[in-house]
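There are 2 protein chains.
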Amino acid sequence: MDLKLVIAQLNFLVGDIEGNAQLIIDEARAQVGRADAIVFPELAITGYPPEDLLLRSHFIQRVELAVAQILSRVRGIHLVVGYPRRRDGRLYNVAGVWRDGEVLVEYEKHKLPNYSVFDEKRYFSPGREAVTFDLNGVRIGLTVCEDIWEVEPAAMSRAAGAQLLLNINASPFHIGKAPEREELVQSRARENNIPILYVNLVGGQDELVFDGGSFVVDAEGELAERLPFFTATSKIVDLSPGGNETSRITPLMSEEERVYRALVTGVRDYVRKNGFNGAIIGLSGGVDSALTLAIAVDALGADQVEVVMMPSRYTAEMSNQDAIAEAELLGVAYRSIPIEPAFNAFLEMLAEEFAGRPVDVTEENIQARCRGIILMAISNKKGRILLTTGNKSEMSVGYATLYGDMAGGFAPIKDVPKTLVYRLCRYRNSIAEVIPERVLERPPSAELAPDQKDSDSLPDYAVLDQILERYVEQDQSVTEIVAAGFEERTVLRVIGMVDRNEYKRRQAPPGIKITRRAYGRDRRYPLTWSKRRD
Amino acid sequence: MDLKLVIAQLNFLVGDIEGNAQLIIDEARAQVGRADAIVFPELAITGYPPEDLLLRSHFIQRVELAVAQILSRVRGIHLVVGYPRRRDGRLYNVAGVWRDGEVLVEYEKHKLPNYSVFDEKRYFSPGREAVTFDLNGVRIGLTVCEDIWEVEPAAMSRAAGAQLLLNINASPFHIGKAPEREELVQSRARENNIPILYVNLVGGQDELVFDGGSFVVDAEGELAERLPFFTATSKIVDLSPGGNETSRITPLMSEEERVYRALVTGVRDYVRKNGFNGAIIGLSGGVDSALTLAIAVDALGADQVEVVMMPSRYTAEMSNQDAIAEAELLGVAYRSIPIEPAFNAFLEMLAEEFAGRPVDVTEENIQARCRGIILMAISNKKGRILLTTGNKSEMSVGYATLYGDMAGGFAPIKDVPKTLVYRLCRYRNSIAEVIPERVLERPPSAELAPDQKDSDSLPDYAVLDQILERYVEQDQSVTEIVAAGFEERTVLRVIGMVDRNEYKRRQAPPGIKITRRAYGRDRRYPLTWSKRRD
Chain E
0 MDLKLVIAQL
10 NFLVGDIEGN
20 AQLIIDEARA
30 QVGRADAIVF
40 PELAITGYPP
50 EDLLLRSHFI
60 QRVELAVAQI
70 LSRVRGIHLV
80 VGYPRRRDGR
90 LYNVAGVWRD
100 GEVLVEYEKH
110 KLPNYSVFDE
120 KRYFSPGREA
130 VTFDLNGVRI
140 GLTVCEDIWE
150 VEPAAMSRAA
160 GAQLLLNINA
170 SPFHIGKAPE
180 REELVQSRAR
190 ENNIPILYVN
200 LVGGQDELVF
210 DGGSFVVDAE
220 GELAERLPFF
230 TATSKIVDLS
240 PGGNETSRIT
250 PLMSEEERVY
260 RALVTGVRDY
270 VRKNGFNGAI
280 IGLSGGVDSA
290 LTLAIAVDAL
300 GADQVEVVMM
310 PSRYTAEMSN
320 QDAIAEAELL
330 GVAYRSIPIE
340 PAFNAFLEML
350 AEEFAGRPVD
360 VTEENIQARC
370 RGIILMAISN
380 KKGRILLTTG
390 NKSEMSVGYA
400 TLYGDMAGGF
410 APIKDVPKTL
420 VYRLCRYRNS
430 IAEVIPERVL
440 ERPPSAELAP
450 DQKDSDSLPD
460 YAVLDQILER
470 YVEQDQSVTE
480 IVAAGFEERT
490 VLRVIGMVDR
500 NEYKRRQAPP
510 GIKITRRAYG
520 RDRRYPLTWS
530 KRRD
Chain U
0 MDLKLVIAQL
10 NFLVGDIEGN
20 AQLIIDEARA
30 QVGRADAIVF
40 PELAITGYPP
50 EDLLLRSHFI
60 QRVELAVAQI
70 LSRVRGIHLV
80 VGYPRRRDGR
90 LYNVAGVWRD
100 GEVLVEYEKH
110 KLPNYSVFDE
120 KRYFSPGREA
130 VTFDLNGVRI
140 GLTVCEDIWE
150 VEPAAMSRAA
160 GAQLLLNINA
170 SPFHIGKAPE
180 REELVQSRAR
190 ENNIPILYVN
200 LVGGQDELVF
210 DGGSFVVDAE
220 GELAERLPFF
230 TATSKIVDLS
240 PGGNETSRIT
250 PLMSEEERVY
260 RALVTGVRDY
270 VRKNGFNGAI
280 IGLSGGVDSA
290 LTLAIAVDAL
300 GADQVEVVMM
310 PSRYTAEMSN
320 QDAIAEAELL
330 GVAYRSIPIE
340 PAFNAFLEML
350 AEEFAGRPVD
360 VTEENIQARC
370 RGIILMAISN
380 KKGRILLTTG
390 NKSEMSVGYA
400 TLYGDMAGGF
410 APIKDVPKTL
420 VYRLCRYRNS
430 IAEVIPERVL
440 ERPPSAELAP
450 DQKDSDSLPD
460 YAVLDQILER
470 YVEQDQSVTE
480 IVAAGFEERT
490 VLRVIGMVDR
500 NEYKRRQAPP
510 GIKITRRAYG
520 RDRRYPLTWS
530 KRRD
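Residue numbers (numbering that gives the first Met the number 0), protein chains in the order written: chain E, 0 to 533; chain U, 0 to 533.
Please keep in mind that the hints were generated in silico from the structure rather than gathered at the bench. Just to be clear, a hint being listed does not mean it is correct.
Which copy? The list can't say, so a pair holds if one copy fits it or any two copies do.
Simulated pairs of lysine to aspartate or glutamate, DMTMM-like, Cα-Cα distance not exceeding 20 angstroms [to be verified]: (1) 234 x 15; (2) 120 x 51; (3) 380 x 359; (4) 120 x 149; (5) 503 x 26.
With the sequences and hints as input, model every part of the structure.
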C-alpha cells in the first residue's frame, strides 16, 4: 500500500477545546505535502477523560464549533480525529475522517469501557456500524480504544473490506500495560490478517498517565514501529513496501524506568497544567519523601522544588542528616522548622481535656498535623503545591495521618507499594546517586513515638505488599490468600486495616495510578459496610 | 383480587449478607399466616449500593449461601427479594420469588442506571425478559427500580398478563423526589391499567439516604397507600375489594421537614453503622454549626454529642454567647479551648519564612487548621466522629479551609445551600426553639480576620445560591444564567470559584445528598482542566 500516515502522539489539556483544536490545526498543517493523513488520539478535541463536562450542552456546542474551525483551516491532508459527537439526541465517542473542509465519515465507538477508572457508559451510546474510507486505493477501517480489546469490531471492519485498521486511543498506563496492549493488538492483526496502527495519547491527567508508545503491527502481527513512551511527538509512518525499513522501534524500558517516568510525567503535568508555582515537600530522611523529592526534581527542575525538615523530639539526628544530604544531592533549597513549639502548645491546650487519659495515637497525630499546618502555610503563601509522600502500602493499612502527612495537593507515590518504592530508589540511583545508601538500609520508622519502627505494628513489607496485591488488586478472599501460603492471623489483620481505613483514602489527595487497581475511582468501596471477613 | 402483601420497608446494612438474611427470615416468619407474600427492597441481601464489593467472587458466593439459608428457613409465605445473581458468567440485579424452599422465578432488571450517583452498568448485565408469577389466581409482574422510570418494562409485564406489578426499589432521597416518583408510578399504572406496589428501602448509606415512603397505586393511578418516610416498618396491604379502606395514607411532609429528616437519618446511620461513640462538633455561634448541632442531637441524642468553642482574637463575644446558648438549649456538654497559644506558636515558627510577605489568607487558614487539630485530637482520643459544619454554598465557592473547618468524618449539611440552611433552622425552631433568633439575623462571618463578613467576598447568598443551582445542578452556561437576569461579572466570578475549588471538594468528608446533584460521585469533574468559561 502506498500510504504515509502521521501518528500524532500529543498531549491535550482536558476542556481546552479551542487550544486543542489549534494544536490539531498546527500539527496537521505542518504535515501537508509530507503525508497522506494524520491520525490523532481518542477524544483529542476535549482531552481525555472530560468526565461530567460531557453532560454540559454548551461544552458539546463548543466541540462542534472547534470541528468547524479545524475543517475550515486545514486542506491537503486527511485528518483522523477523536471527539464527542451528538446525533439524534445521543452522544457518541467518534473517530471522524476529514478532508478539505468535509467530514468524510464518522465511526462511533462500539465498546464503551465502564470498569476500572472508566465511566464511558455514563456519557456515550454505543455505535453499531463498521466504518471504512478509501485513501490512495487502500480501504482503511476505524476503531476506538476499547474496540480493539474485543474481537468483533476489528472483524466487522475486515468484513467491510478494510485492508488497514486505525485504532485511536486514550489508554492509561499501569505496570505491564504496554506489552499487554501490544500483544493484544498483534493477535488482533493476525486474526484478521490486517496491519493495525495504534495511536495513543500522552501526558498526565489527574490520576492517570497516558504513556504514548504508539505503534504499528503488520498483517502478520509483527511490530513494525513503536514511538517513544511519555513523550509528545509526531512521526510519519511509511506503509509502502520497504517503507518501514527506516523506522526505529523504540525499545521497551525496564519496569522500574517505566513506572518512574510515569510518575515524573504525572507530577509534571499536574503541577504545570494547574498553574502551580513549583512544589514543596516535607523531607523526613525516610525513603518515601526521598523518592518523592527525586521525582519532583526530575519533573519540575531543582529550582521549582523546595523542602522543609520538621524535626520533633522523636526525630533521630541521622534522619536530619540524611534529609540534608538528599536536598544537597539534588540541589534544592531546604530549611528546618522544628515542630516542638506548636506541639507543646497543643498538648497544653488539651491537657485539661485529656486529663487522666493515656497517651495514644492521638499525640502522634498531633505531631503529623503540626507538620501539615506548616507545609500548607508555606504552600498557601507561595503558591507552591504541597506534595505528600505516602506510599500505597501505607495508604492501604491507614499508616498515615489524615490532615497530617496526608495533607497536600498531589500524592505522587500513593499507588506505589513500599517494596517498589525501594526498587524505584535504586533505579534512580543507578542513573546518579540522589538517595544516600543509608536511607535505603535503615529500618523504616514514622518517628512519632520513642524508638518507633514500622515493623512494630506492620508485617514485613515484603509480606504486606503481597497480601495487599492479592486482596486489593486481585479481589482474592481470605481463604485464597491463606491457601497461597500466608498466615491467616496476618491476612485477617491486614485486610481489616484496609477495610477500616477507606475513610482516610476517601479524603486523600489524588495520585498517579501505576498498578492494575489504584485507590480512588478505580476501586469504589463503600465507607459504611459490615467488614465481616470473607 | 384476593391478595394480602407485606411491604417490608427495612434498613439493611451494606455487605452484612448474613445479618440481612436473618432480618429477611425474621420479618417473613412473622408474617406467615397473616399475608400471602412479603416484598423486600432491591438488593436487600447485600444492601444498596454494594459498589465494588460486587466484583469479589466470594461476596457473590456468600449471597448464594444466604439465599439457600433463607429458602431453607421460611415456609408458608411467598417472598419477593432483591439480590445480585450470577448466571452464565454475568451478574444480574434480580427480584427473586420464593416459596417453601423453592425459587419460583427470578426477574433480571432491564434498565440499569448509570448516571448521577449510579454505576449499575459497572456491575450488572441487563435482563431482557418479562417475568410473572401467579398467586391466589392473580398474575403478578416484577420490575426493579429504574425499570419503572421507563415505559417498556411495565408494558412488557402487562403484555405477559400481569394484573398487578411489583416494583422493588433502592431509591435515594433528593428534594422533590417523593412526589416525582409517585407521579411517575401513577402514570405508569394508568398507561397499563394495572395497580403497582412500590417498595422502597429506608436508611442512610454514606452519602445517600433512602427515604422509604413505599406506596401503592391502583389501576386508575390513584394513591391507595403510603408508608411513612424515613422509618423502617412493615405493613400489610390488603388488595381485596374494599381491603384498602382501612389503610392510612401517610401525608407528604413539607419540603423543610423532608430535608431535615433526611439529614437526621443520614447522620444517625453513618454514626451508628460505623460504630462511633457519638459525635463532636466545633461550635462557632454561626448558623451552620447551630443547624449541624440540632441535626446531630436529633439523630443521636444529647448525651452522644459534645461541642467545643475555639475562640480567637477575631471572635465576637456575641458568637461565644450564642454558641453557649445553643449548647444549653439542646442540653449538650460544651467547653471552650481558645486557639491563641497554637496560632501564636505557628506565627512565630513561620516568622522567618514569611518575613517581608504580606498577611493574606494563609493566616486565616492557620487559625482554621488549629481548630481542626483540636477537634480531631478530641475525636481521636474519645472515638467520637467529628462532624463538619460547612454548607453547599461554601463548598461550591471554596469558602472553607481544607484540613481546617473541612476536617472531619462526616459533613451533614455539605449539600444544603445556605439559604436552605436558614429555612431548616426556622423549621427546627418551629418545633422547639434550639437556635437563638439572633444567630439567624446576624450577617454571616467566618471571623478569621478583623470585622470580616461573608458579604465582603461573596455575593448575597440569595443570588449566589440561584447561580450555583443553575450552574451545578442544571448545567447552564454563562449565557443562559446571564439571560435569566444575573450580572455577568458576578456569574463569571462565582463559576470561576466553583471550578477552581474542585480540589478542596475532592478531599472533603462525605455528606448527605439532598439536592438533585450533590458534589461527589454525583458530579464527576476533573481537577485538571482548562477553566475557560462557557
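ask   = With identical chains treated as interchangeable, where does the CA-CA distance between residue 234 and residue 15 reach 20 angstroms or less: within a copy, between copies, both, or neither?
value = neither (24 angstroms within a copy, 55 angstroms between copies)
task = State whether the alpha carbon distance between residue 120 and residue 51 is at most 20 angstroms within one copy, between copies, both, or neither.
result = both (12 angstroms within a copy, 17 angstroms between copies)
query = Under a CA distance limit of 20 angstroms, which applies to residue 120 and residue 149: within one copy, between copies, both, or neither?
reply = both (16 angstroms within a copy, 18 angstroms between copies)
ask   = Checking residue 380 and residue 359: alpha-carbon separation at most 20 angstroms within a copy, between copies, both or neither?
value = Classified as between; 8 angstroms across copies, 33 angstroms inside a copy.
request  = Could you place residue 503 and residue 26 in one of the four classes (within, between, both, neither) given a Cα distance threshold of 20 angstroms?
outcome  = neither (44 angstroms within a copy, 36 angstroms between copies)
In this structure, the hints that do not hold are numbers 1 and 5, in rising order.
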